[in-house]
Amino acid sequence: DAGVIQSPRHEVTEMGQEVTLRCKPISGHDYLFWYRQTMMRGLELLIYFNNNVPIDDSGMPEDRFSAKMPNASFSTLKIQPSEPRDSAVYFCASSLSASNQPQHFGDGTRLSIL
Amino acid sequence: AQSVSQHNHHVILSEAASLELGCNYSYGGTVNLFWYVQYPGQHLQLLLKYFSGDPLVKGIKGFEAEFIKSKFSFNLRKPSVQWSDTAEYFCAVKEGGSYIPTFGRGTSLIVHP
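Just so you know, the protein sequences line up as chains H and X, in that order. If you read the first sequence in the working numbering, its first letter stands for residue 1, the second for the next number, and so on. If you read the second sequence in the working numbering, its first letter stands for residue 1, the second for the next number, and so on.
What the simulated footprint calls covered on chain X by chain H, stretch by stretch (three residues with Cβ under 8 Å from a Cβ of chain H suffice, anywhere in the stretch; the number is not a length):
{"hint": "1", "region": "28-42"}
{"hint": "2", "region": "46-52"}
{"hint": "3", "region": "92-101"}
Because the hints were derived from the structure by calculation, they are not lab data. Heads up, the beta-carbon is just placed ideally off N, CA and C, and yes, glycines get one too.
Next comes chain H alone, as it looks inside the complex (with noise of 0.2 Å):
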């Protein structure tokens, strides 16, 4: 099981910059979440699909924020354009379709924005 996998690990992008951060699921994951962890705010849920759907983004901060989910192995989270204060670790994570199952998250991707 190759878990879930995030890339790139960190990014450096100056403000005003577009970026794009991916996640493959663990196959065979019908829900997929996107969170973002900062040291001010904890772990904040940004949006989450159920096979490949949308189906709560409430917790996305702006409309400079968007997440799309094409397929059930892939899933990207865009911000543009980014804000220094977007600088945060970001995870994604996945899980099956049940409420006794745990997520599986991946490494995260560390964002600074200068």
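Chain H is already provided as a structure; the job is to place chain X on it using the hints.
Using the frame of chain H, we list chain X on its own:
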């Protein structure tokens, strides 16, 4: 809405000390409960989970947790911590039938050698 409280934000212990981290949730029905650990610079990984049966659950690395339904609690324990237990610990709760967990804010544990 479901809420999860982790009362201790920061805990500092010496090696061999005993650990108990609190977790309380607000939902009154059936729940599925999880503890995750995040080692420095790493991702969250599952420590243990409870969904039915014996309320005392044993996880990896000597951790255990006890589900007390009457107290809406799922506290994490370890009788003797090690320096390598230094990490952030997250409690998460899923309401019965829900696939979406609610996470607590996390507890930062520092263990001095």
